[in-house]
Amino acid sequence: MSVMEETLLWKYIDGDCTPQELALVEKMLAEEERIRQHFNTMKLLHGDLLNLEMQQPSMRFTANVMEQLPVLKGTQLLASRWVLLTALFLATVPFLALLFKIPVGINTEELPSQWVEWAESTQSLMLAQNWTSVLSWIVPITALVFLFFVDRIYQQTEEQKYITG
Amino acid sequence: MNDQDLINLVLRGQRRAFAQLVDRYKDYVFTVVLRLVKNREEAEEIAMDVFMKVHKNLRHFHGKSKFSTWLYSIAYRTSVDYLRVKKRPVISLDQEEIPWQITDDSGQGPMQKLQAGELSREINLLIQGLGANDAALISLFYLQEQSIDEIATITGLSKSNVKVRLFRIRQKLKELLEKTDTHPLKDWL
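Here the protein sequences come in this chain order: W and H. For the first sequence, this note's numbering assigns the number 1 to the initial residue and increments by one for each residue that follows. For the second sequence, this note's numbering assigns the number 166 to the initial residue and increments by one for each residue that follows.
By construction, these hints were calculated from the structure, which means they are not laboratory data. Note that the Cβ used here is the ideal one computed from N, Cα and C, for glycine as well. A portion of the hints provided could be inaccurate.
Calculated Cβ distances over 10 Å to all of chain W for the following chain H residues [claimed, not checked]: (1) Met166; (2) Gln169; (3) Lys191; (4) Ser230; (5) Phe232; (6) Ile239; (7) Arg242; (8) Thr243; (9) Lys251; (10) Ala297; (11) Ala317; (12) Leu322; (13) Ser323; (14) Lys344.
Residues of chain W clear of chain H, computed beta-carbon distances all greater than 12 Å [stated by the list, open to error]: (15) Leu22; (16) Glu26; (17) Thr41; (18) Leu69; (19) Leu96; (20) Ala97.
Subject to a maximum C-alpha distance of 30 Å in a straight line, what follows is the list of computed DSBU-like cross-link-like pairs (lysine-lysine) [claimed, not checked]: (21) Lys203/H <-> Lys231/H; (22) Lys43/W <-> Lys328/H; (23) Lys221/H <-> Lys251/H; (24) Lys221/H <-> Lys27/W; (25) Lys344/H <-> Lys27/W; (26) Lys27/W <-> Lys324/H; (27) Lys231/H <-> Lys11/W; (28) Lys344/H <-> Lys328/H; (29) Lys251/H <-> Lys328/H; (30) Lys218/H <-> Lys203/H; (31) Lys324/H <-> Lys11/W.
Could you build the full structure based on these sequences and the hints that come with them?
Written as structure tokens, this is what we have:
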């Protein structure tokens, strides 16, 4: 049998023939015993390929996949979380130092009324402390409190992001 | 519940929906991977890796293709990458002699064999002997019922290349089956 005839027969079996090819194959099948024999072999092979059994992984496959997911989550969170927190801490300390220094030089009479109380209390706190103590404990503690809340929000976001793929 | 419904649930944070997707496709993925790597333990590890990747990247699936096509693409690429790392060939039919040897020790007639799925077992053996790429290709076409277009997307081959390869693989399988002295097709016809 020629390659062309074989190709046509496979196309016929797959249902990919054009109307002209369809007519040609049907004519060939009706007229030639040799083609009919090949066609039957191909059809049997096709049928058996369609009925091939699927291979199966172990019984615990799905459970194993699902167990792997939280492990990944923990690893991912741990790696990125500490990098982000350290960077944020380093950025927050000078920012807070500046923020604490600003009220000292402010003229409270020029402030809107809602800010006066905050400025005066901060000023009295700052004046009661020397600048070294502000840098040594007030700023780092404020930074840590701030980071605690940032971390909580970050963890929630990361968890959500991971679950949603 | 269809695939997209399950995907939406997973994206809303329902882990059980992902377990359902794994259950639905694990056999398909495992079969394709096994055809490529030809080792059950390795295939299981790779199939797990495939589902981890799917979970991680599910938000990038926008439904432009069928979910199964996207999933098999990941399975195919992960397996091929694995074979490359292991420096094992992804040989095609035209490059390798098929190491097939089927013995008939069943004592069954052709009709009984067909009924008992003996032919199916023999074809399975022949497919196992095919080159990795060709075995995966025939599995995608028959077991996974992927269209030529979808197989081209999964494997990165052109549509015409997929057609030609499928034709040659099936021809080769037919010839091998016909050559087998004890094969039911021989008596059947």
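Report task. Could you check the structure against the hints above and give me the numbers of any it violates, in ascending order? Result -> 3, 17, 18, 24
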